[in-house]
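Trainee: Sequence:
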Amino acid sequence: MLSGFVILLLFTVVGEAISAIFNLPIPGAVAGLILLVIWLQIKGGASEDLQKVSQFCIHYMAILFIPASVAVFFMTDLLSRQWLPLVLATFVATPLGIVISGHFMQWLLRRREKQS
0 MLSGFVILLL FTVVGEAISA IFNLPIPGAV AGLILLVIWL QIKGGASEDL
50 QKVSQFCIHY MAILFIPASV AVFFMTDLLS RQWLPLVLAT FVATPLGIVI
100 SGHFMQWLLR RREKQS
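According to numbering that gives the first Met the number 0, the stretch in the sequence shown is residues 0 to 115, in order.
Source of the hints: derived by calculation from the structure; they are not laboratory data.
Bear in mind the structure is a predicted one, so any value in this text is a computation, not a measurement.
For glycine and all other residues, C-beta sits at the position ideal for the given N, C-alpha and C.
Be aware that one or more of the hints could be misleading.
Unchecked claim - Just the calculated beta-carbon pair ranges, DEER-fashion:
1. Q114 x L83: 36 to 46 Å
2. Q114 x V69: 12 to 22 Å
3. F4 x D76: 24 to 34 Å
4. W106 x G43: 17 to 27 Å
Construct the entire structure; sequences and hints are all you get.
Mentor: Below you can see the structure in the form of structure tokens.
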């Protein structure tokens, strides 16, 4: 299981480094996740240790959202000034992102079926 943690930490650190070096507009953790997905596609899947660690992290992921949820209560002045971007992000960008992701997944599945 230790090797699974090391793999996740390695991709996180590499993503952070790439994001900082190239001054990317995406967080380093996201860059690391993209690199991890590419690596898993090349490798052909996750090892058993990586699967166990990933399931463990997913199981406790809700705990990580508690501090952010509590912080919202202390940002009422900022929220009142930035209500339009928040509403647009919630009701426009989120559904649009879901639709685009769904279409992309269908495209990938069709492509995979053609290759088989």
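Trainee: Identify every previously stated hint that the structure contradicts and give their numbers, smallest first.
Mentor: The structure breaks hints 2 and 3; every other hint is satisfied.
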